[in-house]
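Here the structure of chain A is known, so what remains is to put chain B in place on it, guided by the hints.
Protein chains: 2
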Amino acid sequence: MENLSPREITTMFLALGVLLFCARLLGELARRLNQPSVLGEILAGILLGPTVLGALAPALNAALFPVRGGGALVLDGLTTLAIVLFLLVAGIEIDLATVWRQGKAAVLVALGGMLLPFSMGFAAAWWLPSLVGYQPGADRLAFALFIATALSISALPIIAKILMDLNIYRSDLGVIVVAAAVFNDLLGWLVFAVILGMVGADHGHGLHLAHTIWMTLGFTAAMLTVVPWLIHRLLPWIQAYASWPGGVLGFALSLCLFSAAFTEWLGIHAIFGSFLAGVALGHSRHLREQTRTTIEQFVSFIFAPLFFASIGLRVDFAAHFDLVLTLVVLLLAFSGKVTGSALGARLGGVPWREAWGTGFGMSAQGTMGIILGVLALQLGLISQEVFVSLVVMALVTSLVSGPMLQRILRLKKPRRFVDYLGSEGFVRQLRATSRRGAIGELATALAEGAGLQSEEVTRAVLAREQVMATGIGMGVAVPHARLEKLDQPLVGVGLSPIGIDFDAPDGIPAHLLCLILTPIQDDGAQLEILADIAATFRNEPLRDKALQVSGYTEFLALIRSERPA
Amino acid sequence: MENLSPREITTMFLALGVLLFCARLLGELARRLNQPSVLGEILAGILLGPTVLGALAPALNAALFPVRGGGALVLDGLTTLAIVLFLLVAGIEIDLATVWRQGKAAVLVALGGMLLPFSMGFAAAWWLPSLVGYQPGADRLAFALFIATALSISALPIIAKILMDLNIYRSDLGVIVVAAAVFNDLLGWLVFAVILGMVGADHGHGLHLAHTIWMTLGFTAAMLTVVPWLIHRLLPWIQAYASWPGGVLGFALSLCLFSAAFTEWLGIHAIFGSFLAGVALGHSRHLREQTRTTIEQFVSFIFAPLFFASIGLRVDFAAHFDLVLTLVVLLLAFSGKVTGSALGARLGGVPWREAWGTGFGMSAQGTMGIILGVLALQLGLISQEVFVSLVVMALVTSLVSGPMLQRILRLKKPRRFVDYLGSEGFVRQLRATSRRGAIGELATALAEGAGLQSEEVTRAVLAREQVMATGIGMGVAVPHARLEKLDQPLVGVGLSPIGIDFDAPDGIPAHLLCLILTPIQDDGAQLEILADIAATFRNEPLRDKALQVSGYTEFLALIRSERPA
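Chains as they are written, first to last, in my numbering: chain A, 1 to 565; chain B, 1 to 565.
Chain A on its own, in the form it takes in the complex:
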């Protein structure tokens, strides 16, 4: 068997390590700025690829990410595998039943959000091809169809992520948006399959285009009807007789790989098969939550970043950036998608405000558009300029969707008490033995950092304490007060090894003290933070571990990892 040389293996691991590390790092930075992490991941690739590193240190760039030979092939194979697995996860996350339930509205949103940008894109590419970067020699109909599809397909994983982040994934509007995006993407993939059949890369199976289309439709239908039914029967059997979770994991991944191989053979891309395998698998309630989580976490945090970062390795974004082209693509995609989806929602009986929310919810066009772009680029259907404009369009629409949705629907993210806990407000070991003393100690620590008068804070908290004691039981107390001078909430946490009586209903002295200060005009803050604290510390093992942390960072790490938002 032909093997990689030790030098190629060294490069492979180094390249994967650098790619993964930078992608995760910039992904985290993006998240800190309240953006989807995929933005940072793509940026990492642009920095490491020809655009930046290639311009600054061409030799290093060429050594790390070779464009020819074994290293390049292995990287291509691995990123292809990565995106296939990512689409499996995207498929698993889909709930087919939801699609049928929200029937009418979802279909109208999907059709509106597909037809308008599709016709705008097709019209522009057909009548004004040079405006959207047509390069002479390419199949003109296929090009126009591709531009139309790329402008009308949505980014299901990003949309789902944004809706979950905003806590409206299971609301009526959320369900309509997700269902419409599913429908939209399935349609988009089918059109794309037709395009791929038209430009017909040689697959050596000699199938006629009509056959490819019929087999695609038949396979899709089977994966949405018979196969999910079969899987639903099969899973209990696997879980009963095979090791757990090895049996299910092996089955799910094998199905995904076979399905991917089949659609790739058909002449449409492998991701189409793995996406459908995911939908078929995710449909069964016998697929346990833990199995989903294992697949999802490994794929979302390891494989997906590798793929998205690898995008930037393929193209020089600076050399191929065309401002006019990018603006045209952005305008067509964004206006068409938002307006079309909103009109569809209104027709489906959704009030105007929510209809516009639906429109902006559908507007994220990140991941799928880029995947299509990579394929079209490899097939020579589009120029590098068009690819760059598609990636920029994907980035911008994904960036805008969340904040717009938040503004239109006037949503607020749930507030967690640790969001308002700074290192100065954390007291590892309270010295006080009385309720009054402990409150004073914590208030002083908190007030100093925030520029407040500690006496004033202590007085306000003690006044509240006299009205009603704040021991909530389980060894937790939540002294609190509303202050005029604050513009945002402040939380302090103190640990008392000996325990302080806070008159709790269960009589247990408090070892965990959370001091909550909120602005007087902010009605919801105090209640939200109180509820979060109570919900967090209802977990007994977490309470025990919290009392043993060595400092602020460990406390924060504990809360964030044991009770993720």
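Please keep in mind that the hints were generated in silico from the structure rather than gathered at the bench.
Hints are not guaranteed to be accurate.
Heads up, simulated EDC-like pairs for lysine to aspartate or glutamate below, C-alpha to C-alpha not over 16 Å straight-line [to be verified]:
id: 1; chain 1: B; residue 1: Lys545; chain 2: B; residue 2: Asp523
id: 2; chain 1: A; residue 1: Lys545; chain 2: B; residue 2: Asp523
id: 3; chain 1: B; residue 1: Lys545; chain 2: A; residue 2: Glu289
id: 4; chain 1: B; residue 1: Lys485; chain 2: B; residue 2: Glu448
id: 5; chain 1: B; residue 1: Lys485; chain 2: B; residue 2: Asp523
Simulated DEER-style distance windows between Cβ atoms [claimed, not checked]:
id: 6; chain 1: B; residue 1: Pro541; chain 2: A; residue 2: Ala469; range: 33 to 43 Å
id: 7; chain 1: A; residue 1: Leu230; chain 2: B; residue 2: Leu527; range: 38 to 48 Å
id: 8; chain 1: A; residue 1: Trp237; chain 2: B; residue 2: Pro541; range: 14 to 24 Å
Backbone N, C-alpha and C define an ideal beta-carbon position, used for all residues, glycine too.
Quick look at chain B alone, frame taken from chain A:
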């Protein structure tokens, strides 16, 4: 960037799918026969490789697993990545503190279990090279050192797995065996690093052998002291400020890849680096259980089977099987390892019986020996005959270790009630409304399948019921009896939607009836099964789900997946 052709991508996914599916399937079969699943996984590769499929259908074998070109390179890259990730997991599972704690005994076992087979192997290879398959032209000292190392290295992951399966992983003997295996493997790897340096494949860094050794030792020391300390400080910070578990996963995998790239560059293999990265990571108690589980499950059930199955693709086992050579290797490895380890344990103050147990516990030589063999084969250090004999030796020693350990220490696997529940003993919906009626219904169902008299069974169970009612609360009842005619326990389960009074301490009528029949001479069986049932159904959500299953298979799937052994 150079890309794989659609035809190569199709083949890649198909080959991966076939490999994974067959490896998992045979792995499960091995497990059903109470053997480690790695045996089945290796066998799957032998069936799909030149040995069987290549002989029966050469064209199919060549198309699916090409030996040259892009497809072969990608498969080699992927399996290399797979084994690197598997060693990361093996490293994470190691507890450095354990190694120090059991200090003396573990070191003596490790030294004994290393020195005896090492000197036997070295002596044989040096004085009787033809006996152990020396091929003229190879470096004789390197060859002798390699044979000695291959015969003395153990298979940590398999040993750990066997100890866990037997429930003695945390016993004194278990700790000594694991600690000794860790020490043994670290030593073995270092010797192997020296060998690799001696035969010096070209890594292009032009390091002198002495430099390689010093850098290896320095790197190992750093990964066992400073790096774990740094990681322990870093992890809380990552968990506090990065997304969860993406931050930790990304960090762990990047560290593994960098470390692998470094040791590969040094001239020793990449797996050495990822193993040490695993040890360094696993040492921190801040690495949460869930993160370990996610990495471990994905790697053990997806990547590890892919690697172990790929072994069989490299060599024709039938053509290169040499019976005498294999027997010599097996004899040297097995007798040396078992006797050496047992003597070491006895010297360390372990009583004779446990000392022999330690010896057989150490005797599994599966995985590591094969990994070394693959490398040595690639370097031309050993012939295919020697490689085949090493693989067979690995298989046989792994196969023997568990049962021998079980016999010597007189261990019994914990018995689970579902092990004795057949489909005929499961009654989805009991029609009876009285205690007497329900017991009769269940006893009839159970007796028919087992060739017992149903009246006799019913009478025995009712007699026991009159002595003491068997409602144990939570809606569960466990009527039971001991019978003379049984040679192994029998369990029946019936679901009663209306609930039947079994005089439970909490007064709740029983919806879940478990009828337990045990042989009269088997003292422990009844108690063990009763305890297992009580422990299983203490879990309320599981109880609720159990009442809603549609049949026997779903019930079994539920118990096995929600409460894995």
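Quick rundown of the hints versus the structure:
{"no.": "1", "hint": "Lys545(B) - Asp523(B)", "verdict": "violated, 32 Å"}
{"no.": "2", "hint": "Lys545(A) - Asp523(B)", "verdict": "violated, 42 Å"}
{"no.": "3", "hint": "Lys545(B) - Glu289(A)", "verdict": "holds, 14 Å"}
{"no.": "4", "hint": "Lys485(B) - Glu448(B)", "verdict": "holds, 14 Å"}
{"no.": "5", "hint": "Lys485(B) - Asp523(B)", "verdict": "holds, 15 Å"}
{"no.": "6", "hint": "Pro541(B) - Ala469(A): 33 to 43 Å", "verdict": "holds, 35 Å"}
{"no.": "7", "hint": "Leu230(A) - Leu527(B): 38 to 48 Å", "verdict": "holds, 42 Å"}
{"no.": "8", "hint": "Trp237(A) - Pro541(B): 14 to 24 Å", "verdict": "holds, 22 Å"}
Checked against the numbered hints given earlier, this structure breaks hints 1 and 2; the rest are met.
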